[in-house]
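J.: All chains should be modelled from the sequences, with the hints used to inform the complete structure.
Residue numbers (the working numbering), protein chains in the order written: chain A, 1 to 404; chain B, 1 to 404.
Do not take every clue at face value.
One copy or two, either will do: identical chains are not told apart, so a pair holds if it fits within one copy or between any two.
To be verified - Straight line, CA to CA, 27 angstroms or less: simulated DSS-like cross-link-like pairs of lysine-lysine:
| id | residue 1 | residue 2 |
| --- | --- | --- |
| 1 | 10 | 266 |
| 2 | 22 | 208 |
| 3 | 175 | 364 |
| 4 | 311 | 58 |
| 5 | 208 | 3 |
| 6 | 402 | 23 |
| 7 | 22 | 266 |
| 8 | 175 | 3 |
| 9 | 22 | 10 |
| 10 | 402 | 329 |
| 11 | 58 | 329 |
| 12 | 402 | 3 |
For the record, the hints were derived by calculation from the structure and aren't laboratory data.
Protein chains: 2
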Amino acid sequence: MYKINTNYQKLPGSYLFSNIAKKVSAFSEANPQADIIRLGIGDVTQPIAPAMVAAMHKAVDEMADAATFRGYAPDLGYDFLREAIVSHDYQARGCDIHADEIFVSDGAKSDSGNIQEIFSQDNRIAVCDPVYPVYVDSNVMAGRTGEYNPQTQMWSNVIYMPCTAENHFVPEFPKENPDIIYLCLPNNPTGTTLTRDQLQEWVDYANKIGAVIIYDAAYEAYISESNVAHTIYECEGAKECAIEIRSFSKNAGFTGVRLGFTVVPKELVCDGVSLNSMWARRHGTKFNGAPYIIQRAGEAVYSAEGQAQVKEQVGYYMNNAHTIYTGLKEAGYEVYGGVNAPYIWLKTPDHMTSWDFFDFLLEKANVVGTPGSGFGPSGEGYFRLTAFGSHENSVRALERIKAL
Amino acid sequence: MYKINTNYQKLPGSYLFSNIAKKVSAFSEANPQADIIRLGIGDVTQPIAPAMVAAMHKAVDEMADAATFRGYAPDLGYDFLREAIVSHDYQARGCDIHADEIFVSDGAKSDSGNIQEIFSQDNRIAVCDPVYPVYVDSNVMAGRTGEYNPQTQMWSNVIYMPCTAENHFVPEFPKENPDIIYLCLPNNPTGTTLTRDQLQEWVDYANKIGAVIIYDAAYEAYISESNVAHTIYECEGAKECAIEIRSFSKNAGFTGVRLGFTVVPKELVCDGVSLNSMWARRHGTKFNGAPYIIQRAGEAVYSAEGQAQVKEQVGYYMNNAHTIYTGLKEAGYEVYGGVNAPYIWLKTPDHMTSWDFFDFLLEKANVVGTPGSGFGPSGEGYFRLTAFGSHENSVRALERIKAL
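T.: Have a look at this one:
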């Protein structure tokens, strides 16, 4: 008789955003006249910009012609895209990363969920708290996280690194040594980040204790301050301890287009085994490449036109971030983030819980946000609003919140 | 200090098709004048047909317009595609499968590699021998297969079910009970399949011993005989024991487009836990949906135009299969497959090993095939040719082989 992976049953409830969707849908049914503004899920709303659209049309036409048709893509990605990534995202920043260290994928969610597979089951993970839920959930499924305590909302074998207003959202080195450290910077959901010098301390720490850092830089395009690193490889020694995960979802609006990549430097070696080779083997066995059409769209992101259009789109969302941030401040809220990230993180008023504030905002202002507690126990009492809506809706949402 | 997943080190050598690519590339460098015909890797060569091209162009335009832009797709796939799948592939065949049992993905390779995750580590798997290598390799990575014996080329904890000319490529029920049974039908690489009645016996067997069947039906579109099932759900009791994996790669030529789906019936319950819910959770946590543009292309496959064009393309390849099959017969080879599948499986002449025949064919005829031993120990002494080349090349390859 076959047996299931019982780790799945340990996962409490369903995925955060499904819960929100259900609540909103129930409210909407009960109040069909309500004009709901959604600043909850971190999904973009601006259309794909012209350079990427042109590249996709051209690639579709190539697929329609026997002379230019492409079958299976190289497992690790087309050279044209890997070379563009290396040149613009790394070598232009003085980081010595090469094309054979880039693994093109269908997105950062897949990569950040799958990357744990190349590590043994008895590694202990550390995560910032609050953070994007996929890191912990994928490790729960793999059986690395111990038991869940519904009271504390913590897993017995996960090291939580609280990031709250009290420590200015800068995680402290844990008391016990972790093996795998997940860092999402700029952080989802807090919208805060570390300076390059603070990140260098984490790289030094990881190298000292022999930990590997999984560095999720999905929001890199939103960095506006010069003392913040755009890639962890700006830090010395990072190639010896860090894997970096990147996305095209938030810079180029590819949430529905699906493209990302992971960097596994050749210097990353554990007991004589190259993690680059392991990830290549994983990719080659369980993945068949991202679509040609989509990889051409990714290449176009790095063209002069594409870069200008992407910059304009990021500027549009960051203008929303500014609107939301300053509006909340004016309304008397305690507010964080929004400077190097498209997320605004606010302290709920009057010690409301995150979910109470969710209900309050949905009912009184018809605005959907994301409860901070959904991202980890230290997110309790906080709330996330995203800048990914339209400007008009960002302005309207803040008018309603101010009027409460 | 972090630790790697040491199961990866147990994997012998690299992936079959990478090895072939390296050999061909070395031969090509040494013999730059050689006109190599590739009938090795199972990749299609015909361009994407007009209905699917039109659907992709339209979807790209929708993504370019704020009014019709789509962000994150539903994790499990758009309803328009899931409904089309259910209606054409299941309900039209009298199978009572519903849209919420369909999980759209980026392809059958990902799904067949990932599906083992929802089962516990102490399940014992059974595979046909020879077969597509991903089933075994993904279980090696998960630590289910025991130790590898380089002499027998077998894993100590895998049940091999030989499919050879001696048993007419019909696997026998194993002596020891397996927990998870992988069936790829029509089979890659042998091109042979089971009749509906023979498949029914496997469903009955699985239900009797409490095993789950992972049914890979990637080559379903090539079935030409009426006594062969197009889906395992044509068999009674299959919804209680079988997961079906399907692909758009071989029917619609989507190898470089990337689309597939997996069917997990609601009736599939183990110890009170729904496998459908488990796979939904896996999809929701580690996958972010297939691209909207690609899902629209998948929908177009089911349109009247799309169906006609796909049928024509399948016919084109099956004509190649006939050319290769009859040509080999005329040249005196012992030949199998090619009737319900685009693969032709031949016995190597003069007791040559599979790799020796690979070298022989590459050197003497400049034709690339796939060594049968790459698909499992019982593939030794066999060789696979695919019908996915152009017709001209299929004809030329056979002329060369006949002239040897």
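J.: Would you mind marking each hint as holding or not holding in the structure?
T.: Status of each hint after checking the structure:
| no. | hint | result |
| --- | --- | --- |
| 1 | 10 <-> 266 | between (36 angstroms within a copy, 21 angstroms between copies) |
| 2 | 22 <-> 208 | neither (45 angstroms within a copy, 40 angstroms between copies) |
| 3 | 175 <-> 364 | neither (43 angstroms within a copy, 66 angstroms between copies) |
| 4 | 311 <-> 58 | both (23 angstroms within a copy, 26 angstroms between copies) |
| 5 | 208 <-> 3 | between (41 angstroms within a copy, 15 angstroms between copies) |
| 6 | 402 <-> 23 | within (23 angstroms within a copy, 69 angstroms between copies) |
| 7 | 22 <-> 266 | between (44 angstroms within a copy, 21 angstroms between copies) |
| 8 | 175 <-> 3 | between (37 angstroms within a copy, 20 angstroms between copies) |
| 9 | 22 <-> 10 | within (22 angstroms within a copy, 45 angstroms between copies) |
| 10 | 402 <-> 329 | within (10 angstroms within a copy, 82 angstroms between copies) |
| 11 | 58 <-> 329 | neither (46 angstroms within a copy, 43 angstroms between copies) |
| 12 | 402 <-> 3 | neither (54 angstroms within a copy, 51 angstroms between copies) |
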